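Q: Okay, here's what each chain looks like letter by letter:
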Amino acid sequence: MTGVSRPLVIAATTVFAVLGLAPIAVMLARVSGADLSDVLGSARTASLLGRTLWLGLATSAIALAVGLPFGFLVARTDVPGAALLRPLGLVPLMLPPLFLAITWTAMSDLRGAPAAVLILAANTFPLVALFSARAFERIDARSEEAALVAGGARAALMMELPLVLPAALCGTCLAFVLAVNDFAVPDYVSSVGRKFNVYADQIFNSWQGAGSSGRAVATALPLVALTLLTLLPALALRRSGAMATLGGDFQRPAALRLGPWRFPACAFCAACVALCALLPLGRLVWEAGGGARGWTAAGFRSALATALENERAFLAASLVWSALAATLCVPLALVLGHALERWRHGRKLEWLAVLPIAVPAILFGIGEIVLWNRDLTAGIYNSGAVILMLFVGRFVAFPLLISSGAVASLDRRLEEAGELCGARPATRLGRIVAPSLWPSLLGGWALVFVLAMRELDAAILVPAANRTVIFKVFNRIHFARDDAVAALCLLIVFFILLPGLLWSLFARQRLEVLP
Amino acid sequence: MIPDPPPGRRPLLLAPALLLLAACAPEPDVRLYCALDTEFAEPLIREFERRTGLVVEAQFDVEAHKTVGLVNIIREESHRTRCDVFWNNEIAHTISLANDGLLAAYDSPSASDIPAQYRDPERRWTGFAARARVFIVNTELADPAEITGMWDLVDPRWKGRCGMARPLTGTTLTHATALFTVLGEEKALAYLNAVKAGGVSLTSGNATLMRLVAEGALAWGWTDTDDFHVALSNGRPVAAVFPDAGQEGLGTLFIPNTVCILKDAPHPAAARQLVDYVLSAEVERALALSRSAQIPLHASLRDMQHPLPLERMKPMQVDYSRVGAEIGARHDQLAKMFLD
Amino acid sequence: MSVAIRLEGLAVGAGKRTVLGPLDLDVAEGEHVLVVGPSGAGKTTLLRAIAGLARPQRGRVTLFGRTASEGARIVLPPAGRGVGLLFQGGALWPHMSARRTLEFVLARRGVARAARRARSDELLALVELTGFERRKPGTLSGGEAQRLALARALACEARILLLDEPLGPLDAALRAELLARLERLQRELGLTVLHVTHDPAEARSIADRALFLRDGLLVDGEVTP
Numbered sequence: 001m002t003g004v005s006r007p008l009v010i011a012a013t014t015v016f017a018v019l020g021l022a023p024i025a026v027m028l029a030r031v032s033g034a035d036l037s038d039v040l041g042s043a044r045t046a047s048l049l050g051r052t053l054w055l056g057l058a059t060s061a062i063a064l065a066v067g068l069p070f071g072f073l074v075a076r077t078d079v080p081g082a083a084l085l086r087p088l089g090l091v092p093l094m095l096p097p098l099f100l101a102i103t104w105t106a107m108s109d110l111r112g113a114p115a116a117v118l119i120l121a122a123n124t125f126p127l128v129a130l131f132s133a134r135a136f137e138r139i140d141a142r143s144e145e146a147a148l149v150a151g152g153a154r155a156a157l158m159m160e161l162p163l164v165l166p167a168a169l170c171g172t173c174l175a176f177v178l179a180v181n182d183f184a185v186p187d188y189v190s191s192v193g194r195k196f197n198v199y200a201d202q203i204f205n206s207w208q209g210a211g212s213s214g215r216a217v218a219t220a221l222p223l224v225a226l227t228l229l230t231l232l233p234a235l236a237l238r239r240s241g242a243m244a245t246l247g248g249d250f251q252r253p254a255a256l257r258l259g260p261w262r263f264p265a266c267a268f269c270a271a272c273v274a275l276c277a278l279l280p281l282g283r284l285v286w287e288a289g290g291g292a293r294g295w296t297a298a299g300f301r302s303a304l305a306t307a308l309e310n311e312r313a314f315l316a317a318s319l320v321w322s323a324l325a326a327t328l329c330v331p332l333a334l335v336l337g338h339a340l341e342r343w344r345h346g347r348k349l350e351w352l353a354v355l356p357i358a359v360p361a362i363l364f365g366i367g368e369i370v371l372w373n374r375d376l377t378a379g380i381y382n383s384g385a386v387i388l389m390l391f392v393g394r395f396v397a398f399p400l401l402i403s404s405g406a407v408a409s410l411d412r413r414l415e416e417a418g419e420l421c422g423a424r425p426a427t428r429l430g431r432i433v434a435p436s437l438w439p440s441l442l443g444g445w446a447l448v449f450v451l452a453m454r455e456l457d458a459a460i461l462v463p464a465a466n467r468t469v470i471f472k473v474f475n476r477i478h479f480a481r482d483d484a485v486a487a488l489c490l491l492i493v494f495f496i497l498l499p500g501l502l503w504s505l506f507a508r509q510r511l512e513v514l515p
Numbered sequence: 001m002i003p004d005p006p007p008g009r010r011p012l013l014l015a016p017a018l019l020l021l022a023a024c025a026p027e028p029d030v031r032l033y034c035a036l037d038t039e040f041a042e043p044l045i046r047e048f049e050r051r052t053g054l055v056v057e058a059q060f061d062v063e064a065h066k067t068v069g070l071v072n073i074i075r076e077e078s079h080r081t082r083c084d085v086f087w088n089n090e091i092a093h094t095i096s097l098a099n100d101g102l103l104a105a106y107d108s109p110s111a112s113d114i115p116a117q118y119r120d121p122e123r124r125w126t127g128f129a130a131r132a133r134v135f136i137v138n139t140e141l142a143d144p145a146e147i148t149g150m151w152d153l154v155d156p157r158w159k160g161r162c163g164m165a166r167p168l169t170g171t172t173l174t175h176a177t178a179l180f181t182v183l184g185e186e187k188a189l190a191y192l193n194a195v196k197a198g199g200v201s202l203t204s205g206n207a208t209l210m211r212l213v214a215e216g217a218l219a220w221g222w223t224d225t226d227d228f229h230v231a232l233s234n235g236r237p238v239a240a241v242f243p244d245a246g247q248e249g250l251g252t253l254f255i256p257n258t259v260c261i262l263k264d265a266p267h268p269a270a271a272r273q274l275v276d277y278v279l280s281a282e283v284e285r286a287l288a289l290s291r292s293a294q295i296p297l298h299a300s301l302r303d304m305q306h307p308l309p310l311e312r313m314k315p316m317q318v319d320y321s322r323v324g325a326e327i328g329a330r331h332d333q334l335a336k337m338f339l340d
Numbered sequence: 001m002s003v004a005i006r007l008e009g010l011a012v013g014a015g016k017r018t019v020l021g022p023l024d025l026d027v028a029e030g031e032h033v034l035v036v037g038p039s040g041a042g043k044t045t046l047l048r049a050i051a052g053l054a055r056p057q058r059g060r061v062t063l064f065g066r067t068a069s070e071g072a073r074i075v076l077p078p079a080g081r082g083v084g085l086l087f088q089g090g091a092l093w094p095h096m097s098a099r100r101t102l103e104f105v106l107a108r109r110g111v112a113r114a115a116r117r118a119r120s121d122e123l124l125a126l127v128e129l130t131g132f133e134r135r136k137p138g139t140l141s142g143g144e145a146q147r148l149a150l151a152r153a154l155a156c157e158a159r160i161l162l163l164d165e166p167l168g169p170l171d172a173a174l175r176a177e178l179l180a181r182l183e184r185l186q187r188e189l190g191l192t193v194l195h196v197t198h199d200p201a202e203a204r205s206i207a208d209r210a211l212f213l214r215d216g217l218l219v220d221g222e223v224t225p
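Chains as they are written, first to last, in this note's numbering: chain L, 1 to 515; chain Y, 1 to 340; chain U, 1 to 225.
Same shape as in the complex, but just chain L:
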């Protein structure tokens, strides 16, 4: 294990194993052969999986169809307003998908499977856009110019598409994973009428019905397998999508001129942002200000103030736990992500790194109970630390993958120069690698923060989760969608978006999450 600090890697691996893998291991230990054969032999399992697969494919197809051109237009062309459209295009990804569901269903008659597909596609297309945009930006200007000279813009696009496709497909795979694991949106959009039952739902049903988590784990295994089967190609696509290296003689390409197509292109991007971000937020603003009773600014302000006053403690708890979890994830992700890339056997262990996100949230939560509700660790279990551990264990995979991707793009010679000078592996990691990757590390921080603020399924099972604001909102949504609930949703959205907002206001450069 050359080039990496052995003690650091061992420490980080131990932390990851305890927080991210142990809850899964204790759950897997509960599965019996009888549970497995029941589940795998059931026709309903196959039918549900098939339906869920369809949901995932449909969602990811739309996400790709929208995200790829969106990413291209805002990253590489002279489309008007690109500087604003690009960050706004990320907003749908940050919104809890349930918020999209409750607003779209309030504004339309869309229900059932089509609603689930469209809402999840709206939520996940920014993933494809993010990967595509970055891939387009990393095409060397000279390659593009050579194609332009050879055959104009069409030739350039045809040259670039194969280069961008691996990254776009990586984003698509992630969109697929999010869609097939979502439980709340299909449940909500079929809360009336024929239930659009998906596999994630079935896991909860089996936990509830059997009273034994072994059956629930067995039920989850096919979905876990499907998710892993999608994540592993996503990791491979991520690698093949890496192109230019930081610090090389890469020349950033200039914006492509669209000519008269600028304005239709702008309309397309604006429509994506409007439908997927502004409209749902606008609906929440309308409901918070009085909605059908008549919107007033005073009513809106009052609803916000009341929500803030009443739920201040919950909001604070959510913010603190999410920020703490994100902060703890960053060094962990840096050490492990670097090791994954630099250690020659690292890539073989990538599947372990993504296991916490491949396992359904509810099982992860039960695993936390089984693992930590012990005499020795009772103090931890009874405190807020357990929710912190849950967030870190579950979400560290995301910044870990971002970091490893960033390290893959880093010129290895920067570290070698440090090695020649006598810098130890840990020093090289902290003083050479980390500063070179700070945008990716910051992006990883933001991602964990967003996910932790939104997390409900696993969190509701641990004691401290009662004190999170998303728990509060989820309960209230089922009773009434009044101005108070809408105002609380808006507050959550505001705080989720706050780090990105602060960055765009005060930082001089754009935050690149992906290398």
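In case anyone wonders, no lab produced these hints; they're calculated from the structure. In this text the structure is predicted, and so the values were computed from the model without any measurement. Fair warning: there could be bad hints in the mix.
In silico contact screen, one side only, chain Y against chain L (beta carbon under 7 Å); selected entries [unchecked claim]:
| # | residue |
| --- | --- |
| 1 | Q59 |
| 2 | F60 |
| 3 | E76 |
| 4 | E77 |
| 5 | R80 |
| 6 | S201 |
| 7 | T203 |
| 8 | S204 |
| 9 | T208 |
| 10 | A335 |
| 11 | L339 |
| 12 | D340 |
Covered stretches of chain L, as calculated for chain U (at least 3 residues, CB under 8 Å) [said to hold, decoys possible]:
| # | segment |
| --- | --- |
| 13 | 403-414 |
| 14 | 417-426 |
Beta carbons are placed, not taken as given, at the ideal position from N, Cα and C, and that holds for glycine.
Following the hints, complete the assembly by docking chains Y and U onto the known chain L.
A: Just chains Y and U now, kept in the frame of chain L:
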């Protein structure tokens, strides 16, 4: 060579420190798992704290999980019981916990005038402050007088205009299980199959159904009295129908709250104090007069002024123990019926 | 004159394929040896093997009489070999200013904090970058970046300087300037220099001898373009 402190190590060392700090949360005097909505339970809990000086740590459930979350958490934690008192907003799952040997016996003096049918013979749980299964009717869309019994739900004239929650969770599951015990397998299945096939809108929960009726998307449907009263309190044009109240009628299913102490509860003395308080007539009165309009079971409160027309209600005669014993198997059966 | 670099049967592979060697080479102390070869000949691999950044398959590397690697075993780590490497393209740390870059290296070499500033000033003066202390690599021209990279290599207290295509990004005037600087530094500091390039004309004027590398092997005869 002067070694720099490896900077990457510092945040990793911070982690255990942060955890230890967070782990120093003070132990409460009593720990309550409460399935009743926060809005109704929390003020009562705070009042208990004020009176006794005891600190109560309360954990609630999320609506979508409809109690099952807490019940299953109790089961998962049974190797090291953490919860002292479980305040359930229904009865069947409490009985299943008792049947699994997870509850301790306690004969609370506060429960002395609660009827025997709402008390476990072994005193492992006690029922109080009930909800009833009723029809909520939007008076602008339907005349309540035209709806008298459960079979009206599957009457073709109401096709597409009425609804109920899917009988897979919460009080709807309890209700469906009760129907099996009271009507028998054949009749209960006939009813539920008619519901499935007969143009009855199925929702994810009672609160959703209540909302749909209150907003006029449906004319009427099954819900609980607390959901109905919330709609009424919000000024919606709704009325309650207590079905099958006639002489030969089945009556209305009462689903009481239940409270119990866990076996191996870490704080048994404080747990008993809390249970005595929760089972008091004072708390029942407060719950009756709250937005949830729970129905008091204490004999001493029989004549109290209640927001709902309880005189029109005929309680269903049901063996709750049997309901509790069968609920797991019925869930599996109903899941096969109502889920694709 | 002692032997600064001795390679005996050195072979380096990429996977199962041998990309360099087996080759034998002696470089005397204070000598400036030019190694010329086309792209893919193994020039960079040769330097990396001497620096300890590439693990050989077999053979021995000896530096000033000390065994640095024996077969696939790395005996002396890169930082302990007394070698400075000027990477192709510089490989400067983009977030560190010129002064920070050199002070970072000096700190790793055990130079006391109080002495680091003075030493970094000396090194910058040596490569004529006085006044560039606060500049980051991204703000330097090609020639300035190469000089900073050279200063960094010298900061490693190197007795052996390995140069990987040092003149690559520079125009003719800057090449001449850098060559003159290299010659002066070698003389002043008594460095042994192994200089690899694809350009046969590069550095012929200051090299003591030139060798040709093709397909990983040193060949005899005149260097041909």
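Q: Each hint: holds or not?
A: Going down the list of hints, with the structure as the test:
Nearest Cβ of chain L to the Cβ of Q59/Y: about 5 Å, under the 7 Å cut. The hint holds. Among the interface hints, the one on F60/Y holds; its C-beta lies about 5 Å from the nearest C-beta in chain L, closer than the 7 Å criterion. A distance limit of 7 Å between C-beta atoms decides the matter here; for E76/Y the minimum to chain L is near 5 Å, and the interface restraint holds. Given the 7 Å rule on beta carbons, the hint for E77/Y holds: about 5 Å separates it from the nearest Cβ of chain L.
Given the 7 Å rule on beta carbons, the hint for R80/Y holds: about 5 Å separates it from the nearest Cβ of chain L. Here the hint on S201/Y is kept, as its CB sits about 5 Å from the closest CB of chain L, short of 7 Å. Against a cut-off of 7 Å between C-beta atoms, the interface hint on T203/Y holds, since the closest Cβ of chain L lies about 5 Å away. Because the smallest distance between the Cβ of S204/Y and any Cβ of chain L comes to about 4 Å, under 7 Å, the interface hint for this residue holds.
With 7 Å as the threshold, the beta carbon of T208/Y comes within range of chain L, its nearest partner Cβ sitting at about 5 Å, so the hint holds. Given hint, A335/Y at the interface with chain L, holds; its Cβ is 6 Å from that chain's nearest Cβ, closer than 7 Å. Of the supplied interface hints, the one on L339/Y holds, with its beta-carbon coming within about 5 Å of a beta-carbon of chain L, less than 7 Å. At a threshold of 7 Å, the smallest CB-CB gap from D340/Y to chain L is about 5 Å, leaving the interface hint in force.
With a threshold of 8 Å between beta carbons, the proposed coverage of the segment 403-414 of chain L by chain U holds, since 3 of its residues qualify and at least three are required. With 7 residues having a Cβ less than 8 Å from any Cβ of chain U, the segment 417-426 of chain L passes the three-residue criterion, so the hint holds.
Against the hints set out earlier in the document, no violation occurs for any number.
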